[in-house]
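K.L.:
Using the working numbering, the first residue of the sequence shown is number 1082, and each one after it goes up by one.
Misleading hints may appear alongside valid ones.
What the hints assert, rightly or not - Simulated DEER-style distance windows between Cβ atoms:
| id | residue 1 | residue 2 | range |
| --- | --- | --- | --- |
| 1 | ALA1299 | GLU1336 | 23 to 31 Å |
| 2 | ASP1158 | THR1361 | 51 to 59 Å |
| 3 | PRO1157 | THR1131 | 36 to 44 Å |
| 4 | ASP1388 | GLU1154 | 16 to 24 Å |
| 5 | THR1361 | ILE1331 | 47 to 55 Å |
| 6 | ALA1276 | ASP1318 | 35 to 43 Å |
| 7 | ARG1083 | ALA1323 | 34 to 42 Å |
| 8 | GLU1336 | ARG1304 | 23 to 31 Å |
| 9 | ALA1299 | GLU1090 | 41 to 49 Å |
| 10 | ARG1353 | LEU1317 | 42 to 50 Å |
| 11 | SER1108 | GLU1328 | 17 to 25 Å |
| 12 | PRO1226 | GLN1200 | 27 to 35 Å |
| 13 | ARG1280 | ASN1203 | 34 to 42 Å |
Rather than coming from a laboratory, the hints here were simulated on the basis of the structure.
C-beta atoms are modelled at their ideal positions from N, C-alpha and C, and glycine is treated no differently.
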Amino acid sequence: MRSSAIVFEKPGILAVRRLALRAPEASDVVVESCFSGVSSGTEKLLYDGTMPAFPGMRYPLVPGYETVGTVVEAGPDSGRSVGDQVFVPGANCYEDAAGLFGASAARLVVPGARTVKTQFENAEEAALLALAATAHHAVCRSAHPATLVIGHGVLGRLIARIVMATGHSAPTVWETRLARRDGATGYVVETPEAAGDQRHDAIIDASGDPSVVDKAIARLNRRGELVLAGFYGERLDFAFPAAFMKEASIAISAEFTPADVQAVLALVDSGRLSLGGLITHHSAPSNAASAYRTAFNDPDCLKMIIDWRNAA
């Protein structure tokens, strides 16, 4: 079995080529991909070659951890059925490329237990499930409800929505880029300069910008908490005296858990959380090189989706 896949051949070089897939086992499903999201954080670091090294990392690699598709083969021990709509948070099924994170391909072989069964009427919104679960994890990471979110990209928007969906007051969101200040639903987006002198018990940074740490600490109440929900390719540091005077806590929100995924699905099913209005760009796999440049560099692009439905 072979599949078209997006491949980072080496840093800065992207290709779409056919790769051999490993044979499925009894616990596996074969998924025909419909939509894959492009991560402007993690995947940009892989593309640029600035991702810190970790075990198993090598080029060429297939990126992607935001794919939704349809099960076309289901092993007897997979727990899935042919026809199921599933979210795939990654795959490692290639004979001649690493799967980091491996889901940006037209066809995937993956353990059924790794997939998440979904029932989204608008299937492409299911590709946002990883980001929504990441946002939920960040919201739950703090001991207090966040009243300030930094960054109004997709992650920041989802964090703001989930704060409200879980019964808390609408947070304020800081955004410095004019192109990112619209699209708020039930909360206020403003620049840090317009925010006055408001203080917060909990702040979540979704910008991934190392320079915001000192600014955020300055806006904390005594014993307040800053949750770092972005991925920071550069070294993080901060001025100790200001943090010391406030006895500030700095927490890192890392990978989401299965519980976060189920919580998000429950919020969506209940109507308390919408994943609508976050996908702004679409591309065919054949135009992937241009699509990835747009996703990485265009502030008007909140979320780029690769549409695999007519891939060769």
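K.L.:
Which hints, by number, does the structure contradict?
P.N.:
2, 5, 6, 7, 10, 11
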